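Participant: Below are the chains, spelled out letter by letter.
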Amino acid sequence: MKVLVTVKRVIDYNVKVRVLADHSDVDLKNVKMAMNPFCEIAVEQAIRLKEAGVASEVIVASVGPSAAQEQLRTALAMGADRAILVETDEKLESLTVAKTLAKICESEQPGLVLMGKQSIDTDNNQTGQMLAALIGAAQGTFISEMRVSAEEVEVTREVDGGLQTLALRLPAVLTADLRLNEPRYAKLPDIMKAKKKPLEIKTPADLGVEVKANTRVLKVVPPAERQAGIKVSSVAELVDKLKNEAKVI
Amino acid sequence: MATLLICEHDNQSLKAATYAAVTAALALGAEVDLLVAGEGCAAVATQAAQIAGVRKVYLAEAAAYAQGLAENLTPLVLDLATDYSHLLAPATTQGKNLMPRVAALLDVGQVSEIVAIESPTQFVRPVYAGNALASVESLDPVKVITVRTTAFDAAPASGGNAEVASLTQVHDAGISRFVKEERAQSDRPELTAARVVLAGGRGMGNKEHFALLEALADKLGAAIGATRAAVDAGFVANDTQIGQTGKIIAPELYIGVGISGAIQHVAGIKDSKVIVAINKDEDAPIFQVADYGLVADLNEALPELAKAL
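So the sequences go chain by chain: A and B. Take 0 as the starting number for the first sequence in numbering that gives the first Met the number 0 and just add one per residue. Take 0 as the starting number for the second sequence in numbering that gives the first Met the number 0 and just add one per residue.
Pulled out of the complex, with its shape left as it was, chain A reads as follows (with noise of 0.2 angstroms):
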């Protein structure tokens, strides 16, 4: 079974964002761009299926700018078999990516999608959930275990007050919550090796999919700065404060 895995170039998890004095947009200029961390765990599963000899390839996709081929060339390194960018300089929007990767799906025929939840960029959470749509495939979102079977894959997801476990008929797409697994690091020789897979550069034009905004930004500003307040000296203190300054005990 092929597994498509994809991957987003998105700004540093641990970088400061500072939105722009023109209010245009946060500043993208001179910051390290990184593998959206949520990616980077889907990456991992795709090849611990691999090393659990389920899979039988594993592709890296990446819809994005050029650069992004340092993502792909990452998940490379970690173990991913060929890569495929779809080279665009403009910021497509959740549905179009969808539509991209479903282009893919058709000419890759994966058994299995595996997806990070969301990007910590735009934390849209909306792209797996589109794909599966797209391609009327079962989804299994925010997953925190998984395992394959003949024609199904059973998932637990992470919800709202605890665990849910769902049987997905196969090709399914899932997305990867923060425990589903912890990345490996590439190491040195699987770094060099990286740079002599295949990585296959299209455009969504070649693919046929048409690049239309859903939404159009008008503007971005921080948000409210909270003031930090005073220090206590006590509990006791603190007791007094909470019920007769703020009221709320």
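Since the hints were derived computationally from the structure, they do not count as laboratory data. Misleading hints may appear alongside valid ones.
[Stated by the list, open to error] Simulated pairs of lysine-lysine, BS3-like, Cα-Cα distance not exceeding 27 angstroms:
(1) B:272 - A:246
(2) A:31 - A:246
(3) A:102 - A:1
(4) B:218 - A:246
(5) B:55 - A:230
(6) A:49 - A:186
(7) A:242 - B:279
As the structure is a computational prediction, the values presented were derived from the model and not from experiment.
For this one, chain A is given, so just place chain B on it according to the hints.
Facilitator: Below, chain B without anything else, positioned relative to chain A:
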């Protein structure tokens, strides 16, 4: 045109998230209808019909809808969608799972986790873990939206008298099935709806120290939350995680204990009315957002606090 809101419930009663989402739906200015889909959930529809301002409640009961499988609920929502300009759901794990699937099949985008409504086509939503707020205009003919429920007040549970209409068409895609569910057994309020939340971080040190928080939570009728670090360390269950990728909360009172204040955690608490931080490290960044800070060892402060309340 009108708004259809997909209700969140457990087949017994409506979840608090639904009431907040109704307020958002009414703010769009058009008529608001609700969909209650589940199994044996007629009482939920009756409850929904009493929410002030609701025009009509659709009730769809079938085994295929019992656990809210997105594959089965999507065609049901699509059946109704033609009559609506806006489709809404609370941004719970259920709403987040369902709505993008609906949007894709309508060939429209989704506006996720809105926190404010500027007009029927313009919405505000947090991006980059809440470090920026984007005003977004939807260009689609149908707006598919999830609502961050902590950003909207609950709609009044009574005062309405909507008609309940049963839907008989059953959709079962047959590609997914429910196996089991493990619900955290707790008499405490839900984390996202609690008036008081006590949260612990890595500084709690171990699982046993969370018992100190629990003793305090019992006194305050509070929910228990945690940081990612505390969950990763195995101190508490995954669904207690607060922050960018966990739950977003906005209680009247939040008390963070042994929490340093990583931006991803603060993103989940910064709309709380009052923030209290208890940490023995006086330089912990959480003190920069706390209304009341107490530099103290939790082993002493927590029992003392439980005694004083």
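Participant: So which of the earlier hints does this model not fit?
Facilitator: Violated hints: 2, 5; rest satisfied.
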